[in-house]
Structure formats: structure tokens, C-alpha cells
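S.K.: For reference, the chains in residue letters:
There are 2 protein chains.
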Amino acid sequence: MADKINNKKNKKLVTAITSMEEDFSQWYTDIVKQAELIDYSSVKGCMILRPYGYAIWENIQSQLDKLFKQTGHENVYMPMFIPESLLQKEKDHVEGFAPEVAWVTYGGEEKLSERLCVRPTSETLFCEHFRHVVESYRDLPKLYNQWCSVVRWEKTTRPFLRSTEFLWQEGHTIHETEKEALDETKKMLEIYADFYEKYLLIPVIKGQKTDKEKFAGAKATFTVEAMMHDGKALQGGTSHYFGDGFSRAFDVKFTDRNNKLAYPYQTSWGVSTRIIGAIIMTHGDNEGLVLPPSIAPIQLVIVPVAQHKEGVLDKARELKFRLSQKYRVKLDESDSSAGWKFAEYEMKGVPLRLEIGPKDILNNQCVIVRRDNRQKYFVNLDELEKQINQILEEYSKAIWQKALDNLKNKTFVAKDLKQIEKLNSENTGFIKAMWCGEEKCEQELKDKFGITSRCEPFDQEIFTDKCVCCGKPANRVLIFGKAY
Amino acid sequence: MADKINNKKNKKLVTAITSMEEDFSQWYTDIVKQAELIDYSSVKGCMILRPYGYAIWENIQSQLDKLFKQTGHENVYMPMFIPESLLQKEKDHVEGFAPEVAWVTYGGEEKLSERLCVRPTSETLFCEHFRHVVESYRDLPKLYNQWCSVVRWEKTTRPFLRSTEFLWQEGHTIHETEKEALDETKKMLEIYADFYEKYLLIPVIKGQKTDKEKFAGAKATFTVEAMMHDGKALQGGTSHYFGDGFSRAFDVKFTDRNNKLAYPYQTSWGVSTRIIGAIIMTHGDNEGLVLPPSIAPIQLVIVPVAQHKEGVLDKARELKFRLSQKYRVKLDESDSSAGWKFAEYEMKGVPLRLEIGPKDILNNQCVIVRRDNRQKYFVNLDELEKQINQILEEYSKAIWQKALDNLKNKTFVAKDLKQIEKLNSENTGFIKAMWCGEEKCEQELKDKFGITSRCEPFDQEIFTDKCVCCGKPANRVLIFGKAY
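Protein sequence lines, in the order shown, are assigned to chains U and C. Under the numbering used here, think of the first position of the first sequence as 7, with each following residue one higher. Under the numbering used here, think of the first position of the second sequence as 7, with each following residue one higher.
Keep in mind that a hint or two might mislead.
Said to hold, decoys possible - Cβ-to-Cβ under 8 angstroms is the rule here; a few derived chain C residues that face chain U: (1) Y60; (2) M86; (3) E90; (4) W109; (5) V110; (6) T111; (7) G317.
Unchecked claim - Derived Cβ-Cβ restraints for the label pairs, each shown as a range: (8) E196/U / R328/C: 25 to 33 angstroms; (9) S119/U / D411/C: 42 to 50 angstroms; (10) S330/U / Q69/C: 42 to 50 angstroms; (11) E196/U / R164/C: 36 to 44 angstroms; (12) R164/C / Q94/U: 55 to 63 angstroms; (13) N369/C / D189/U: 51 to 59 angstroms; (14) K39/U / E339/C: 20 to 28 angstroms; (15) S343/C / N264/U: 23 to 31 angstroms; (16) E450/C / D257/U: 50 to 58 angstroms; (17) K39/U / L410/C: 48 to 56 angstroms; (18) D98/C / K365/U: 42 to 50 angstroms; (19) R164/C / Q396/U: 23 to 31 angstroms.
No lab work stands behind these hints, which were simulated from the structure alone. Ideal Cβ placement from N, Cα and C applies to all residues, glycine included.
All chains should be built: construct the whole structure from the sequences, respecting the hints.
M.R.: Structure follows, in C-alpha cells:
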């Protein structure tokens, strides 16, 4: 223990990250490490969410939770284990999930008589519970949600985008009528879309998955699809309509208003820590993260300039106290250089930086710098909050617009396979194409070009009447893309 | 589906519960079901937290989380799996936990090369992470906490008290010095004690566990012990000091202020959904739950009287809107009878019930009824909030005092084995006894009387100098009891 070690300066250094133009994938990996969002663990495909990464998730969670509760949903907690026999009750569901679950076979020294899977999703558990608590139409609807982690045994993993274990929420609801359940499915999709667009400032396309791409066991799956900076698609959240398929499989019945036994209708919907991946790849740049104010753990960082000079730290602390009433504020009093601090909080995507030094104090002002474009504002301290609100608004508009431009600029239209081939060789983006409805054509595009159907968008702009693949009659638009 | 079914009234009924004097254990089981806190699942020993039960946990969680953050702690999230080799690094720790963990042996169709246990607690994972992020004294302390579920393969289980899977928080901190780590251990114990006493209105005894009872791998374990209504003990929360044992086992080192490599000092601390069991068995009565206002999902329920009469529902809604600014309020507009509603919310432990009917409206008043003793207050609507605050205060004082009296009345002193034998045959409660420090004596009391040492209380009142068991010199007081 008494070894002398090199007298290296024991201070973190902000290392430059790979530029996104050079290698987008490496840029992403560099950011998640350098911004201290995650650490890798010795468990294959499982990540550690560090305080800064987890704080982003906490902000996402608390705001979504409010939206869920405002619309009448209640939180519950189900077991993390599902007995194999329970998982197998719904045929499509088990086919979809069994190949990718983790199996518990021993409890202590004892071999289990039936193996348990670690939940990949909890439809089966909710169905079992609904069977206990739903008797009459008076007990309906039940609008439940659960915050938890789930496990899917993935071959290749990437932080936030695809990991063996991940955090998410899963809503599960059960209704008297088909219409009510369908309305719920669409309502939750709207909540997700609003959350992406108004809170995260990420434009999304709302639509329905094809049968090939829908959730295992669902009658219909609705989705919000976002476009990342590199033109690839990220499925942002899904909402599933089950009809009475799960009710029948799990024998959930209720006495309806005519005093007859009937099967209720179900939905489920979920978003996960993938959201953080979407934020990184939508707003981030070569200096690091760029965070939407709504979920930024620090909305404004105060960096004192010449902080050793009399009065500077006092003033900085006074501002920190004052601004903490309205914003999530950090004051960095450490002895690192101002330049080092600038780089650190740029890497972490803090929307605004407030600099205050001796001269500013004399002039009753401070400097505010925007993260997205480093624009500087000299702000009179008397109208600080008013100015901050305005700058935050400009900042939010600018990062939203940038994301929207990216989506528009990289969305293309193709009428036949040749056009797809050309587009696909020149760009990565969304391709709008007419589709006949045959899975064969969908598959062909995947096999030939590595693109999958993202959704049939709600917003249908029919532009020919021929399928992009087979040329047969087609009356709907699909959006295709390469997906994360 | 067209089966006619019995024309039974499809309405929940509040069934009477077993009285606690008749069968305390059945009373407990009845409450957790009737108050709709939990449902059983088909997974052995795992419970489902229903909306009302989970809402209590959410309130506990949000208030503890605030206390943790105020004292500088940050939340993180670790994987739920621990590779067997990682679990085995600290000898005492693995001995304590290996016999009771669930083992994952398959991922999809593939047998894993190394089995993974589902975390029973996460010291090993935190150590691995600390090794990655702690290099210098400048990186210390790290004050981390995690909200998650853990799994321990229990033979016999009871809702909240002992279940295979349960929700909890586990704090894990790492420090430069022994003193800092010990201070942290004690600080967190104080936070737990305060939370029990000031928020949950449950008196606790603070003390240190004996070596026999301490946590697997800890140098010292501190505990808060509460007494349930039946005189049995419930370990309410524990805080562990690890010294540098885990650091050495996991090779976590840092460069200290003298530029030498040193092992840091660690702590961990946790409370779980057991808290809900403690609340039930401390405050509950034969009508059901009695909840402390701080964590009650509904603090006040409004029950309209003769609600079909003109103006009653309007007034009730107006009060609901007004009181929701300050309290968690529910208005029950359902067509159940007022009497049924009274029983329902008494079962659920809602602290105050507000009744409002046509006559009350004429008199500009309402009736407020306390859950604990059904005391009635006629309250002028002009001073409603003021009166509610005062009644809630009286209510809180009363349930605290009742719990405190129970603790005092069932705490006994014993000087020798005969006295213990007599006490133990006549009562269930805490027995204070002098102890020589030998594990043999502790074991003898357990074998003979089924009582275990709860703790060596901080508050030591030495009353003889002889060990209660062997009669040899003894200079410390232990508290013994039967434990949940």
C-alpha cells in the first residue's frame, strides 16, 4: 500500500470524442461514457446507469407518470418471475418471447419443479391478476401501469438502444368494450407523441405497424417513430390493442350490463430507457449531449469567472439560491479552470451556462451562453429570470427545428424498386412507398435493401396506386427505414 | 358466452375481518387482502402490489428519496444479475447469501457458461463499479442509492414481511476515511429512525446488532427495531459499516492525499416494503388499516350524505376541489350506501372522513370523523382547512401515543433465566437483559425461548453486572424478542 505512484494530476480530463461525421456509432459510444451516463458491468449486455444518466430517466419518469395519472392510470407492481406454464398460455405471445428470455432453474440449492422466466414483458401476469379482480362491468376499466426492469436475452447490445436488462414502463388496461380499448390504445399513443414532441423536442411519425412487425399477441400495434441524426429510425414507443385474445387465453370474464358473461378487451403500451438513446442521437453534437430543458438534470450551470477574487463566489451563490427557486441549477465552485468547466457541461448537454465575474458584478450583469450554438447574451441581473425563460424558449425552438429539418430533409418518396435502390445507396432516411399489403413485398425490401417497414403512418398521402415492390394495386403508404 | 348467471348483486362487499385478539396473524392476512393492498400470484412467495398498496409505497419512496437527496445522495441503477464469480469475491457475504438466491442458468435456448444470480443485494455490483470510477481522493465520497427489487429464496413467506421478491432501496457509499464511513452509517440510521418516528409515527429503538445477527460481510450493523401491536419485533431498517473489507476483496483502491494507494471505506443501508407491514401491525385495528397522514394515499375522503338531493353533490365537488389544493382527497360519488362507504374507507385506513348533507349545507358546516377513534367534529366551512390541520395533528399524536404506550407496556427487564422464562410464558414483548458478549449465551436464549437479540440499544441503562444467561460479568444491555 505504500507504493509511490506517479505524480500524475488526479483530475478528470474531458477527452475529445469521435466526430459524428467520422463514425456515428463511435460518437454515440463516446458520449454515453464521457457524459457519464453509463458504465459497463461484467454481466453481458447489462449496463449501469450512473447518477447523471439515471437523473435523466428520473425526469422522464416523473413527467410521464404525471401524464399517466392525469388520465386516470394507477401504478402497481407485479412479480418479476413468470412460470413457464403461464407464459405459454397465449400462443403468439410465447412464440415471440420464449426464445429471448432468461430462465431461473434453481432457488438456492434446490432445482425448481417448474422453471421461471424473468419477465420480458408482463401481459401474462396482468391477465392472471385481472382474472382475480374483474368480476363485473362495475370493476371495469382497470387502468394500470408499472415501472420496472425487464430482461430480453439479446445477442448484440448497445447502451440504451438494446440491452439485456432495461428500465421501462408498461401500461396494461382492461375494458368493457372494444371501442373503449381501442380509444385507450390511441390515447396512449397520443400521450407518447406529445411527450416526444413537446417535452423531448423530438418530432415523431405516428402510425400502425404491419402485421409482420406488430407485437407478439396483439391485434394491432401503434407506434411513434423518430428519425435519428444519421437518418436511421428509432421506434420510440408502442401501444398495443389485444382485442379479447388475451382474455380468452387466460379465461378472464366479466358479467356485462345484460347480466351475461363476456370477455373484456385489453391493451398494453410502453416506453423504455431507449428514450435516452433517442435524445442523444437527435440533439447531440460533436461537443457532446444537448438536452431538452424538460428532462435536463441541470438546466443551468453557473461558472464563476476569476472565482478567487473578492465577491465573485458570494454573488454566484446568491444567484444559485435565487435561480434554484425556478430551475434545476448547479454552481461549480471546484478549482478546475473555467475552460475545463465549459467543456464538461457542454459534454453533459446543460442547456444554459451562466458566467459571472468581477466586471459583470460591477455592471450588474452576467453572461448566458446557449449550449446548442454557443450564442452569448449579456443579461441585466434585474431581469434575469425573464431573460432565462426567453433564452430557454429560443433554445428549445432551435433544437426542435434542427430535428424537424433533419426529418424533412431525409424523408424520401419512392415509386419503384429502382428508386429505392438509388435512394438507399445515396442516403439513409425514411422512404415513403405505396404497398399492396402482402408480407412478401415487405420481406423483399428487407432482404434486398436492409430496410424494414416502420409503420403505416396515420397521415396518408397517397401518391400512386401501385405497390413499390410488385407493382400490383396498392392503396396505402408505408414508411421504410433502417432501424436501431 | 351467453350463459345466464346468477343475478347476484355485482358489488364488492366489505367483509368483516378476523379480530386481532382472536388471531393476530389471520387479522393481518385479512387486512392486506380486504384493504386491497396485495393479490397473490402463481409465483411462489411473490406478491402483487395493487394500486392502493403501491400508492403507499410511492409515498414512502418519494419522501425517503427527498431525505436521501437532501443529504447529498444520488440515485443509480445496477444490473439485476450478478455473475457467480462476482458474488463469491467476499467470503462472508457469499456464505450469507448464496443459499437463498435464484439462479439463472439459461438465456433463451442457450445454457450460460457461468450462472447468474438474481441480486439478493448489490454490494458486489457496486464494488465492481467503484473500481471503475474511483481513482483519487478527489473522486470520494460517492454517495449512491438504488430503488429496485431483490430476490431471496425464502421457505415461508408472508406479504410485506418476507417475500421471495420485494421492493427496497439500497444505499451504497464509499469514503476516504474510516471516520467518514462510520459517520455516514450512523447518519443514515438517524434518517431511518426519524422517518419511522416523525413520518410513520412508529417509535423505534436504535442500536447495534450483535456479531451473530449482523449483515453478511459487515464490520458492524446498526438497526432500528419497532414493536408490533402483538409485542413482536420488526427490524425496520439497517445500516452497515464495512470498513475496507469489501474494498480489499474487490481490489478497489484510490490515491490518497499523500499520493499513496489506499483502500477506501464502505457502507450500505436499506429499507423495504416491510415498512408497510410495520404500519399495518403498529397502527391497524379491528376495522382495518389506520394510516399515518404522511403516507396515506387518501388523507381525507368526502362522503356525500343523501347525495341524490339537490345541491349535495355540487357542494361535495366544490369541497373536493378546494381541499385538493392542500390534501390528498377522494370524493366517493358512487351509488353505494353511505354506511358501506364508511366501512370501506375505515378498512383502507383513511385518516379523516368528511360527511356533507343537505342540513350541513344549510348550516354552512360539515362533519369530520377521525379514523382512529371515530370522534366527530362539526366544522364551520369557513375554517375548514384550519380545523382539518388541527384534527390531523390530534389524530397523529393519538396514534403515535398508542404505539408508544404499546412499546412501553411490553418492554420488560430480566436479570436471569428464570425471569426470562416467566416473562416469556406470560407476555410477548421486548426483554432487556445484561449480556457477557458470548455468542453461546445468545444462542441459548434462542434455543430455549425462541427469542433472538434485536440489538444492543444506543441507550444503555446498565442494571446489573451479570450476564442474564451464564451469570458471568456483563457490561452491556441487549434487547431480546420474538421477531417477524
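S.K.: Taking 50 to 58 angstroms as the stated bounds, is the beta-carbon spacing between E450/C and D257/U within them?
M.R.: For E450/C and D257/U the Cβ distance comes to about 55 angstroms; the hint holds.
S.K.: Can E90/C be said to touch chain U, with a Cβ gap under 8 angstroms?
M.R.: 11 angstroms, violated
S.K.: The hint says 55 to 63 angstroms between R164/C and Q94/U; measuring C-beta to C-beta, is that right?
M.R.: Violated, since R164/C and Q94/U (Cβ atoms, about 30 angstroms apart) do not stay within the stated range.
S.K.: Can we keep the T111/C interface hint, with Cβ of chain U closer than 8 angstroms?
M.R.: It holds, given that the least Cβ distance between T111/C and chain U is near 5 angstroms, below 8 angstroms.
S.K.: Can you let me know if the beta-carbon spacing of S343/C and N264/U is within 23 to 31 angstroms?
M.R.: For N264/U against S343/C, whose Cβ atoms are near 25 angstroms apart, the range 23 to 31 angstroms holds.
S.K.: Indicate whether the distance between the beta carbons of E196/U and R328/C respects the range 25 to 33 angstroms.
M.R.: 31 angstroms, holds
S.K.: Given the hint of 48 to 56 angstroms, is the C-beta distance from K39/U to L410/C inside that range or not?
M.R.: 52 angstroms, holds
S.K.: In this structure, is the beta-carbon distance linking K39/U and E339/C contained in 20 to 28 angstroms?
M.R.: Violated - the Cβ-Cβ distance for K39/U and E339/C, about 54 angstroms, lies outside 20 to 28 angstroms.
S.K.: How about Y60/C: closest beta carbon in chain U under 8 angstroms, or not?
M.R.: 5 angstroms, holds
S.K.: Once the shortest beta carbon distance from W109/C to chain U is found, is it less than 8 angstroms?
M.R.: 4 angstroms, holds
S.K.: If you take the shortest Cβ to Cβ gap from M86/C to chain U, is it below 8 angstroms?
M.R.: 6 angstroms, holds
S.K.: Between R164/C and Q396/U, is the Cβ distance one that fits in 23 to 31 angstroms?
M.R.: This hint is violated: roughly 57 angstroms between Cβ atoms.
Hints 3, 7, 10, 12, 13, 14, 18, 19, counting from the list given before, are not met by this structure.
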